[in-house]
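First to last, the sequence lines map onto chains A, B, C and D.
Each residue of the first sequence is one higher than the last, beginning at 11 in the working numbering.
Each residue of the second sequence is one higher than the last, beginning at -12 in the working numbering.
Each residue of the third sequence is one higher than the last, beginning at 24 in the working numbering.
Each residue of the fourth sequence is one higher than the last, beginning at 38 in the working numbering.
Think of the hints as simulated: they come from the structure by calculation, not from any bench.
Even for Gly, the Cβ is constructed at its ideal location relative to N, Cα and C.
Some hints could be false.
To be verified - Computed footprint of chain B on chain C, listed as stretches where at least three residues anywhere in the stretch have a Cβ under 8 Å from a Cβ of chain B:
{"hint": "1", "region": "91 to 101"}
{"hint": "2", "region": "272 to 286"}
{"hint": "3", "region": "502 to 509"}
As the list claims (entries may be wrong) - From chain B, some residues computed to sit far from chain D (all C-beta separations above 12 Å):
{"hint": "4", "residue": "Leu(-10)"}
{"hint": "5", "residue": "Lys45"}
{"hint": "6", "residue": "Val47"}
{"hint": "7", "residue": "Pro50"}
{"hint": "8", "residue": "Pro52"}
{"hint": "9", "residue": "Leu92"}
{"hint": "10", "residue": "Val132"}
{"hint": "11", "residue": "Asp141"}
{"hint": "12", "residue": "Leu164"}
{"hint": "13", "residue": "Leu239"}
{"hint": "14", "residue": "Leu274"}
{"hint": "15", "residue": "Thr283"}
The lines below spell out each chain.
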Amino acid sequence: GSSATKESSSDTIQTQSSESASGDTQDDASAIKVGIMYIGDENEGYTESHMKGIQEMKTALGLTDEQVIEKTNIPEDESAYDAAVDLADQGCNIIFANSFGQESYMMQAAEEFPEVQFAHATGYQAASSGLSNMHNYFTSIYEARFVTGVVAGLKLNELIENGTITAEQAKIGYVGAFPYAEVVSGYTSFYLGAKSVCPTATMEVQYTNSWADMSGEAEVASQLIANGAKLISQHADTTGAPSACEQAGVPNVGYNVDMTSVAPDSALTSAYNNWAPYYTYAVKSVIDGTKMDVNWCQGFAEGAVGITALNEKVVAAGSAEKVAQVEAAIKDGSLHVFDTTTFTIGGKSLEDLIAEGGDYAKYADYVSDGYFHESELASSPSFDLRIDGITELTE
Amino acid sequence: MDLLLTFIQKAIGQGIAILFGATGEIVTEKSGNLNLGIPGIMYMGGISGLMGAFFYEKNVANPIPLIGLFISFLMTFIVSALGGFIYSFLTITLRANQNVVGLALTTFGVGFGNFFGGSISKLAGGVGQISVKTTAAAFRASVPVLNKIPIIGDLLFSYGFLTYLAIIISLSMTYFLKHTRKGLNLRAVGEDPATADAAGINVTRYKYSATVMGAAIAGLGGLYFVMEYYGGTWSNNGFGDRGWLAIALVILALWNPNNAIWGSFLFGGLYILYIYLPGLTRATQELCKMLPYLVTIVVLIISSKRNKHESQPPSSLGKAYFREER
Amino acid sequence: MEQVNAIELKHVTKRFGEVTANDNVSLTLKKGEILSILGENGSGKTTLMNMLSGIYFPDEGEIRINGNAVTIRSPKDSFSLGIGMIHQHFKLINILTAAENIILGLPGEKKIKMPQVVEEINALTRKYGFDLNPMQKIYDMSVSQKQTVEIIKVLYRGADILILDEPTAVLTPHETTKLFQVLKNMKEDGKSIIIITHKLNEVLELSDRISVLRKGTYINTVETKDATVESLTEMMVGEKVSLDIKRTKPTNQKKRIEVCNINCRNKEGLPVLTDASFIAYSGEILGVAGISGSGQKELLESIAGLQKLESGQIFYHTPEETIEDLTKLSADVIKEKGVRLAFVPEDRLGMGLVGSMDLTDNMMIRSYKDGRSFLVDRKKPRKLASKIVEQLKVVTPKLETPVRRLSGGNVQKVLVGREIALNPTVLMVAYPVRGLDINSSYTIYNLLNEEKKKGHAVICVIEDLDVLLELCDRILVLNSGKITGVVDARSTNKEELGLLMTGTGEEKHKDE
Amino acid sequence: MSKDIVLLNKEPFIRMVKRDSITTVKAWFIRMIAVILALIVAALVIVAITKQNPIEVYLGMIDGAVGSKRRLWVTIREILAMLCIAVGLTPAFKMKFWNIGAEGQILMGGTAAAAFMIYFSDKLPSGILLIVIIIVSSIAGLIWGIIPAFFKAYFNTNETLFTLMLNYVAMQIVTFCIVFWENPTGSNTVGIINSATKAGWFPSLFGNVYGLNVVLVLLLTTAIAIYMKYSKHGYEISVVGESEFTAEYAGINVKKVILRTMMVSGAICGFAGSLIVSGASHTISTSTAGGRGFTAIIVAWMAKFNPIAMILVSALLIFMQQGSVQIATQFGLNENASDIITGIIIFFLIGCEFFINYQVELRKKSKEGK
Ligand SMILES: Nc1ncnc2c1ncn2[C@@H]1O[C@H](COP(=O)(O)OP(=O)(O)OP(=O)(O)O)[C@@H](O)[C@H]1O
Ligand SMILES: Nc1ncnc2c1ncn2[C@@H]1O[C@H](COP(=O)(O)OP(=O)(O)OP(=O)(O)O)[C@@H](O)[C@H]1O
Ligand SMILES: [Mg+2]
Ligand SMILES: [Mg+2]
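So that you can see chain A by itself, here it is in the shape it has in the complex (with noise of 0.2 Å):
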């Protein structure tokens, strides 16, 4: 294997990282080779840390430039269908799609070329597709949108207690893209992180209807301010919040990127994805011809998600103490993000309302345990319901 990767790294940059990863490459790591297809580019937060995951797994199984190819700006349409077989034609052994919208054409693909592996992530079909080469992956991004959450709710505790607002007025707005599981399952993972600590905290939502619309964000958050929002954080894809809250002095909380350049006296922390762990999981499978799963989501345990260094200069007092104590109670299997018992929906707990039947009976296969079990029957968020204590300000 060592062999292989030097003759190939004489021509690249790649030199010091094939090196470093010489070790435990397979044989046929070689002959493999990864295709990728992103929904924007280096200039966009969620795709890059999906490129910064891709570069990470080249260096750890050692692959050259050659064995990666990349393609950035694949839109939701037939464009994606494109790229994916352009990728097959081109000898991809394992292709990637980092967006949503780009499943279904991921499936066409995956139909025409059986012997390629498709991956597909923030997807939910690979399961049901009946295509074995097809699968979907995610991150437990829920967890670390709970650890931000608990930095959050420190910061409002500290602004009630030196008396900047009343414990009532603990509001947190929220600049959400669209209203389906994904977000759902991450605003209130993050509201019940901030609840965790500052009990009278509420939260209203609003949504912006695009994943980056860096002006939309803006707007959105100051609107969310001047309707009483005391914090505001987002599940956008731009800097658009962040930059609003600074001019308007509010703290926030990001998302994929830290977003101290931009709001440096307002940015608490970013939760964000590591993409590494699954992309390395995935291509040494097919490297060594290991079944890979059709569904893969992992959490802080494994490296796949984390939060952003604190912003010293803005958080509370004690944060960090308390965010390495949750993280490791997330780790250990003690605390549990969708705790049933930690919330209500319309004064009900979960357990009662999946009991009377009717539309919460479906949700009778999470719920075990005294929690509610986020991506573990599919690695995409499947938790969409509106707890109480939080107002979606579009209806």
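Fit chains B, C and D with the ligands to the supplied structure of chain A, relying on the hints for placement.
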């Protein structure tokens, strides 16, 4: 109350970028050039101002806000003027079709903005990591003392200098067009270049100056957006379709920069209204986002029914001029 | 001290592609004289003058102004040499006021001091005897007012050499007289003047000397006192031509067009025709006289179905003696009814023809709808085009040339030729010889006479009263949209027509 | 005479003289030179901003656009869509109706196509469904075209801005519809419509998925070429475009022609919507039109409305676009770089028309005696 105040503030904030664009386009159109490249030029202006500030802050240990401000302002001015120059060269000297050149320039300009936006993003260490804090703070600095007055301070004095500059430029452009010889000559060029030519006006020079100047002014809209509105960062396509709205505003304003001022605030307000109207669903929000466009259409129709000589576009708008042509 | 000339052109040549518009032309304008330049359409008069005004740049030759050799690269250079040109087509900005037009492009203080400008303009108008409101917008002005603005514009710039290109083409006789008085005043004032016109009587009346161009070359210069209409025409054309209109007696007259009490308004909502009624007969030429803007255009357009009527009726009496009601029918419906109406509008390239299309496609304007086919037939129109080119001696490089490139006279021939080819029972023509040289004018008059002889009804608007009196059988006079009389052309005279045209109410109307 | 005389002895340094005519060969030669110059300038830009070897970059583009059979067909598919829209714009532009609303007309056509695919897949047999889809998408585009035409005809409303604004209105309508069609709820993605049944999809023709696209678009192009050049309607359009007064004089019902022409133009653009939705993407989103409506204006214009030239120009632009995907992958040059390069090429191509129409004359030293 807070909501209303924020709404007005933000409407103005949204409006100013459009106002720069519209004022620049009015000046341009007064010379008979319909520059559909303005949306692209605004991207070019935005990114070059940001780049100027970025490299300044990156290479200097203790950046001085005013210098950063000056550099970025100058960069924007030069690069957007350059965009205007490309347009002018092609349409005035080479007499190419204005619509095609404009559209191509918009493609080029948006590509230019996003390309370099991406590049400096990379240099800065990743997405959202561009920050020209020092310079942006200078752009965002509001009027001291006065901004502390409750309500009035928020409403009138909470903006950076570009906001006031936009209004000053619009007011002085109106004055320029109405009361000065050069303004009169410019209007003549836009109405009928052959006549202006026969009157001894250097048509080419006027067309060039107005178009280049108009582009430079419009480019400031991009700078405003990047610096004052976003606080010194970049997002690809982050400027959206505001450049097109700026062109629409020209008509709404009946080619009078003074009208563009309130028009831009109206557009700004309509642009974000959906966020402030309570009780909207996602679907109705989307309908609400149509408002700026629908309002433009309605105004277009109304103004076309009122067939006043003075509210018509410059009559040579869109046509190339060649002295020896008949 | 030797007397220097105001302008000396030496061996000037100007080409446009294949066309040599001026070929080695040398010409002199003395100080303080009025020089007429004569020539057929397309003989290069305008081109020559445009080289003095900086619109064109000569390919070869030398220009001397006041004895000094100069290079004129732009109108600005021309101004600074004291040359002022009043162009064949007005160069005024419609939405600006007279004063704004006058100071256009001039240096001066950055801010315009309008009251001061107005005072200066008033001083000029008083000096030369003009009548002008400097604050009036051009779009509100009549043709003669616009021309006044043009002249003042030149004077305001301090020009002492004036060039007027066909200034009288659109003026009434009365206005022409006024203009000539002004020009004479200027000459007294020491100014040198060049005037281009096709009206030979004006030439003889006004100028000191006359220069003649033919097909781009300089022919000769004569003293006015030695010249006659015949000698000048011969110089222009290069051969003797007879300038008679052979008017025949109308025969077998029948009602053709009957107009009853029509009213209509213009775009601004002002009435342009009031209760107009008349009858046009077959086999006669009915002339329409009136100062410009009295409703001539609207009268013809109403009949042609191009003008919205407020009230009134228009009937067409067919040769088969049936009656068609044309009231409120549009042009296409009239045509579909089989009414053979031909119309040569005033605006040749803006209405009668499409400038950018070639001769063939322009022929089709009237006939493209013929036949059931979805596709057009270009064979017949092409044949027609070449027939017209041949019969009317249209000067054109080829049939595929866009008509915009043809000279005014040739454009008019193409247009009239096409309309006559419709074999119409009613032919309406507006200003058929405006801007045409004398030779082409007579060609057109003869065509009209031939139509009349064929027994068709001809209605023509002509501004030249002499021609009206010579050409027409009856003359209808319009004054401010009202028909003030229909007189017999053989028994009336210019004075009577002039009275009918102006009437007593005229001044009042103008002031409103 | 007190006036000071200005002596001007300098002849202008360069002068433009209109050419009478130019041979086709010479004209194409000039265009060729323009393309080559553009490629050289673009190469300099590439070197300046990316330090890549421009030849390799260009080879990468070629590979990306036509490097495999599949890529070739994708490129052809995109050329066809572009051509279709440019053809659709032609009648409007010939009439001097500045329809920059193709984007919206495509979106409306696409939306109609998607709606019928969604709601009628089980109600109509697939052949009929396809025909219905083509018809309704054309009608949707037609409606989007006739609205500004109506106001232009009756109120002389500026159509450039009207159509531009309608683009955004259409965009919002699409977003609005997506709220109802998205799957799963809230995700903003419609996904492949009828992926199992393929109802409403363009069927394969001659063994090629895009065979029908080729046939339909080429038929349409031919039809419009004939329509414009040889039909009475085409003649009317030219006359109205040149002068409304002449048109009225010629007995042309100008309002009718404006409405009819925009119906044709809008309908073709609407059909392009179904070409994209039913014939390629099988989904609907706000990027369904993807700026094609604007690019097509450049295509139609640069081709001077000549259908053959339109094929060439759209091929060139699409080639750049498809090639850029590859160079982004290969050289890490992001796609925006291709916008810059495309912009440069267009600038040169537009600019070179000047040298086809005019001759530049430098100052002649020999004459001018003084
Ligand atoms: N802009 C132009 N481009 C090309 N050729 C021109 C242009 N202007 C004039 N010509 C050519 O120059 C010749 C002279 O035209 P010019 O306008 O000087 O004639 P003219 O004597 O003024 O005629 P008229 O009595 O009808 O006014 C014409 O034959 C025409 O071919
Ligand atoms: N742009 C042009 N290109 C080519 N030839 C032209 C052009 N303009 C004018 N000409 C030529 O110039 C000649 C005369 O043109 P011009 O329009 O000056 O005639 P004209 O008699 O003065 O018309 P009018 O009196 O109506 O102004 C024509 O023979 C025509 O071929
Ligand atoms: Mg002339
Ligand atoms: Mg002439």
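Hint-by-hint comparison with the structure:
1. 91 to 101: holds (count 4)
2. 272 to 286: Per the Cβ count (0), the hint is violated.
3. 502 to 509: It is violated: at least three residues are needed, and the region 502 to 509 of chain C offers just 0 whose Cβ sits closer than 8 Å to chain B.
4. Leu(-10): The claim stands: B:Leu(-10) keeps its Cβ more than 12 Å from every Cβ of chain D (closest is about 24 Å).
5. Lys45: holds, 18 Å
6. Val47: holds, 24 Å
7. Pro50: holds, 25 Å
8. Pro52: Non-interface label stands for B:Pro52: nearest chain D Cβ at 29 Å, farther than 12 Å.
9. Leu92: Since the minimum Cβ distance to chain D is about 7 Å, B:Leu92 lies within 12 Å and the statement is violated.
10. Val132: About 41 Å separates B:Val132 from the closest Cβ of chain D, which puts it past 12 Å; holds.
11. Asp141: Consistent with the label, B:Asp141 stays out of reach of chain D, its closest Cβ about 31 Å off (over 12 Å).
12. Leu164: holds, 20 Å
13. Leu239: Since the minimum Cβ distance to chain D is about 9 Å, B:Leu239 lies within 12 Å and the statement is violated.
14. Leu274: violated, 6 Å
15. Thr283: violated, 5 Å
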